[in-house]
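In case you want the letters, here they are:
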Amino acid sequence: MVDLHLSAEQLEFRDGVRDFVAQELKPFAVSPQHLEAAERRLPMEILDKASDLGLRTLALSEELGGAGASNLTFCILAEELAAGDADVATVLTETARLGQLLFDRLMTPAQRDRFLPQFLSDPRFHLAAAQSESEAALGLGINYHRPLPAEVPLRTTARRSGGEWVINGEKKAVANAPVAKLFAVWAQTPEGASAFLVPREASGLSLSARAGNSHLGACGDLVFADCRVPAANLLGLEGSAPHLCAAEKAGRGNPLRQAIALGIGRAAYEAALDYARLRVQGGRRIIEHQAIGTKLADVLVRLEVARAAIWQAAWASDHAEAFADRSLADLPLATIAEVYTGPAIYAAAKDAAECFGAMGVMKDMPLQKYVHDALLSLHSGGGNGEAKLRLAEALAGYVR
Amino acid sequence: MVDLHLSAEQLEFRDGVRDFVAQELKPFAVSPQHLEAAERRLPMEILDKASDLGLRTLALSEELGGAGASNLTFCILAEELAAGDADVATVLTETARLGQLLFDRLMTPAQRDRFLPQFLSDPRFHLAAAQSESEAALGLGINYHRPLPAEVPLRTTARRSGGEWVINGEKKAVANAPVAKLFAVWAQTPEGASAFLVPREASGLSLSARAGNSHLGACGDLVFADCRVPAANLLGLEGSAPHLCAAEKAGRGNPLRQAIALGIGRAAYEAALDYARLRVQGGRRIIEHQAIGTKLADVLVRLEVARAAIWQAAWASDHAEAFADRSLADLPLATIAEVYTGPAIYAAAKDAAECFGAMGVMKDMPLQKYVHDALLSLHSGGGNGEAKLRLAEALAGYVR
Amino acid sequence: MDFSLNEEQRAWQAKARKFAEEEIRPISLARDRIALPRETFDWEIIKKGSKLGFRTAVVAKEWGGHGIDFVTQVLVMEELAKADSAIAKTFSQCWKWSHLIAAVCNEEQKRRFVPPFVADDTYLLGSGTTEPSGGSDNRMPPEDDPKAGLRIRAERRGDEWILNGDKVFIANGSVAKLFFLQTRTDPNVPLSRGTTRFLVPSDTPGFRVGKVFNKSGWRFYQNAELIFEDARVPHANLVGEVNRGRSSEGPGSLFNDLELAANAVGVCEAACEAALHLGQTRFEGGRPVKDQQIFELKFGRMRMLTEALRSYVLRVAWECDRRMRSPHAALVTIYSCEVIEAVTDLAMDIHDGAGAAVGEGVDKLVRDSFIWRHLAGDSVIRMRVAKRLAE
Amino acid sequence: MDFSLNEEQRAWQAKARKFAEEEIRPISLARDRIALPRETFDWEIIKKGSKLGFRTAVVAKEWGGHGIDFVTQVLVMEELAKADSAIAKTFSQCWKWSHLIAAVCNEEQKRRFVPPFVADDTYLLGSGTTEPSGGSDNRMPPEDDPKAGLRIRAERRGDEWILNGDKVFIANGSVAKLFFLQTRTDPNVPLSRGTTRFLVPSDTPGFRVGKVFNKSGWRFYQNAELIFEDARVPHANLVGEVNRGRSSEGPGSLFNDLELAANAVGVCEAACEAALHLGQTRFEGGRPVKDQQIFELKFGRMRMLTEALRSYVLRVAWECDRRMRSPHAALVTIYSCEVIEAVTDLAMDIHDGAGAAVGEGVDKLVRDSFIWRHLAGDSVIRMRVAKRLAE
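Protein chains in written order, with the numbering used here: chain U, 10 to 409; chain F, 10 to 409; chain D, 3 to 393; chain E, 3 to 393.
Same shape as in the complex, but just chain U (with noise of 0.2 Å):
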């Protein structure tokens, strides 16, 4: 039976982190020396007490320790998190992220034993995966949905010493690397890809933090310098990797990274609401003039229909179910979501940058910022492209 109805659990959350981000994180995110700076800040002290407020393990399980937040609740979160500020948005869902996939589902106990400690009691205990190769040439839809001729191997590697692995090789541009304390690293052994838990004291681990305003979130390269990792430490077994994160079905899984664009788009539209309501014209308040008016009408649709293709595809996500027993149609809903949201969340936030006149491209005003982090989600990940063209694969009935 449909029902829209957000649990007395969701809105109380909810209402939780609207007051959090209304007392901590959009003061820090809006201030002209944050928005001015060269290379975006992480504000550690907030980052601590979003962690407080159960955001960094809010979708592992409540057996663990955590939240156990479905995914719907994350996504709910996320877009509001990231109305505030969008890098921490970004770090504290990645965290939350890997945390239900590590410890809920990849590691053995005595690896939970190992890291869960740790993890829940330190508020600066991220995670992070090492995964993709970026220059991995995919080449999607360009061999008209044919297999490449032969899997790419990854080209770290991890050979077995003793009761060691050594890792060697380099990632790129990883989510939360400048802040996580271990890292999930897929690497190349004699069996296939596997994958490894490396803690950041490792030794031959060394990570360089990206600079400047090209990504959200924290973002960094590491290089493996013969990295010593305990035997134990390898996560599942030796070459199923591949497999590790398989577990939903391509395009089912949980649209966070949507959710995070919407919070963007959301943050612009405020503004500019705000600002139409206050600013007068010609003798009346902007908003009442045509121009404006239905320009964040086309801005608002945008943003509310974002949230109702986001919330389902994530509901989805939740309860595999409703595919067979055809509540929904069988779709890879996830990436429909992603294929509608990035576009229009970036011309939603040019839109609102807009009835700001000059001040929407000043760097010390929250607008330029909102554009430019809606471009960023826009093209991160594989980017729009990508995925319409694995859309397309879908309708095609290939499967990878």
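Keeping only pairs whose Cα atoms sit at most 30 Å apart, straight-line, the calculated DSS-like set for lysine-lysine is: (1) E/Lys179 to U/Lys372; (2) D/Lys49 to D/Lys17; (3) E/Lys213 to U/Lys35; (4) F/Lys372 to D/Lys213; (5) F/Lys372 to F/Lys58; (6) D/Lys112 to D/Lys17; (7) F/Lys35 to D/Lys213; (8) D/Lys49 to F/Lys372; (9) F/Lys372 to D/Lys179; (10) E/Lys49 to U/Lys372; (11) E/Lys20 to D/Lys389; (12) D/Lys213 to D/Lys50.
Far from chain E, some chain F residues (derived; all Cβ distances over 12 Å): (13) Gly77; (14) Gln127; (15) Ala338; (16) Ala367; (17) Met368.
Sample of chain D residues facing chain U (criterion: CB under 10 Å; computed from the structure): (18) Gln294; (19) Gln295; (20) Ile296; (21) Phe297; (22) Glu298; (23) Leu299.
Hint data in this document are derived by calculation from the structure and do not stem from the laboratory.
All values reported here derive from a predicted model rather than from experimental measurement.
Cβ coordinates follow ideal geometry from the N, Cα and C atoms, glycine included.
Put chains F, D and E on the given structure of chain U with help from the hints.
For chains F, D and E alone, kept in the frame of chain U given last:
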């Protein structure tokens, strides 16, 4: 608690309608002789069968003998019907909508006793509402959200003469007029705008169907020349007509027209998908070509996103309390769905037709009809521009 | 650089404007509304236009035509199309093949076909490429499949070629007296090496016109099925070389692109005019609709796109007159597809917002405009153009 | 009609191309990345460009400039902007006001200001209209409110005018030696009847530069705050008539529109070049990205829009050279706003789809392009243009 499972009843009803569409409606709708006809023809026999399935009395409460469908169920089924034939969907939807409005909400028990038995027993008993006088100058937004100088009186009038009301005037482009057996007619009386029940056979009522294909469904003009109805045919109180339909908050109604648009878009999409999976160019099925695959992906995204927004708005119109408990944002969700759906479906239909090459503009092929129907839907009602202005008014906090 | 028109160009423009206003526009909507596709056509307007020189405008003067340059062609097409896009196209379809005759026919063929064409006000030209299985096949990568594409067979028998097969969607199909026909002369090689072109008069034995296609837009324009059953075409009617029918086509193919883009400018002009008329004459809230901001935004955009297209069209016309080969002739056609759709949709928006009914002529502009996408602006054409740009 | 360039035009184009390639492009990205807005500026490139004539290109030859026509201005601007939009704009900002000097200053003013401008490679020009409360006020209907708009006051005291108030976002604000300043000389009437314009040298007593605004795009370009505290401007510096500062501005305002549109063509060219480079050099699945259909569709669209804009710009330049007043100068600017955004966004798409990182120069094109919407293409400007069209 959010739940997107359809009920067993909804699934069953949907299956029934899908079967009916596949067996009866679609073969008629895509037959070349129907497509090529200069004027749209309503398949009365098929409408009879739809009535047997309960689609004509869909929204009427179960106590009164209808199916008592919720707005959401209504939208789900309207989409299915429109995927078969937009005209049939439009006629049935209008009758079903008015059936609930008139019999469940507006009629006195005595009126109900007079008209309900016929409505229930006669599969060709359709309903129409002759409300607006189209050229009424709304001037939405042009006066900067300030009220117009004075309420414009209706040009159609009714005066009391003994035990009767005598109606004079004309109403243009009334939906369902050619098939309706009972009309609700808005006319000016000394007390203000009032509504009357006018049976088709009332003396002084004449009707001319609008030919051509400039409308969805059936459409006609009504002329009232000393048209007489008993005093007992007044709906509600004299002068109360403006409030009769205003039961739901502006923008919070049932997005039925959008559900029909969605059905039109789906018909176009399904045709294009089937074709793209069969047709070969350059040695490959055209769906495997990036150009076609991504185009169809774009089409699909528009449909799925529209559906998410429409279902949300429909459910919300069934559950006003969800605004109060803040599960839903306090926004005119039906208007939001309307602003998105019209242009999105029109674009989707055009893109789908493009896949067919020259066949996409041939009258004996269905694609051009889907494009045309999507265009009509986009420009029906007040049109998309008006919807956007209504939304802009809401954002400015202006209440008419 | 100089955008001025010379005296001859202005004269043709004025003549076209007058003909369009006085003769074409009054019949346009009525023709559009005729249900049977074969009956939408009107020989009277063709004869009138022919007497004014529009049918034979691009035939060289020494052959009895008017030899107008590309810039003039564009100006004329804009004016005619403003009154009716499909009638305008019926004339320019003759221009297209006039260009081709000049470019690829031999002297003997010109002597046989051009004078009758020039002399007869009802002599229209057409061309046949598309077939039921898709003459547009082989347009997509990755393979140049011999089995794909044209199937209509032409086989030599003595001094004649015997043609068998069907063509569909052929422009001017039911009204032309002469066709340029693409045939398959070697079915075992890819299309580019197995196609031959013939001049086929409509009285060729074994040839007949089948169905006239019923289109949603451009209803005046006759797209028909051509049926060949052992049709006999003299060897003298072979154009160019055997199996080389798809090689370079000279300025004809340049114009192929340009006429449509110029036609689109005319349709956009008509849409702007309709929108402005509504804005000035309809009132809401006591004021003309043109004073509303949403009208201004939509109408300004219509004019802006129309003028951008017109500028690009003129530039390409000039390039064609200089016999410059550039990607612009193709790009401007694709561009015209986008612009005509956007501008006519905006005209519809403006009418709608003001409560005007569908069906008062603006919907015809929308339906006509939709032909572009299927004719000139689909993905395959876009990709083909881009491929050349990215070499 | 003729699109050919004359020899002088081609020579300026070639000179600009060389300067852009050899001098501007190598410093462009580095300048963009400097964090402090005041430090992004570089006098060396200005001096080099000035010596080549770009700073004084539109000053009449009899005054020691080069007197290039509008078509040439457009060609030069396209070339310079292809290498860096903001540096190009710094030069054309001088052109804009050179036009204005020629149009509205009296002979004495020209004698006082033009020779020093011509002689000094670091003499830049600027103009000041916008204020903190919004000089862009009064742009929207319905009322022409005397309380809205410019507040900076100018009051006559003997042979001087005393100025008090602030200007913001003023182009070339921190680097210009001379400003055209709009002031309020009658605060009790609507703007159109209470504004006066002055020539204000940067060494005017009581004048100083405040903050330099930190923009997300066009970072080289200096937009600054101008502060006037009892600043004293001689009466001889009054331009035109008192209270008539907003009346017709001659060809200066024509160019106002055109320089931006031409600059946009240059940015689009750079975006196309970047996209093509990626398509040719990056491989996926063993083949160059340019062979992918989605690349072709995006890249073709980029080129198409770029060329449509270029065609329109050239047409308007020709009209300006003929001193024709038409809505096109305004329409082409609005159009440039749409095109530059669409083309740079597509360039970003192409880079993204191929996995290239944000931040390799394409994002600069996107950020620069976004300036257009805020400078030239917002709703108010669109409505103003449309209003004239619908009269």
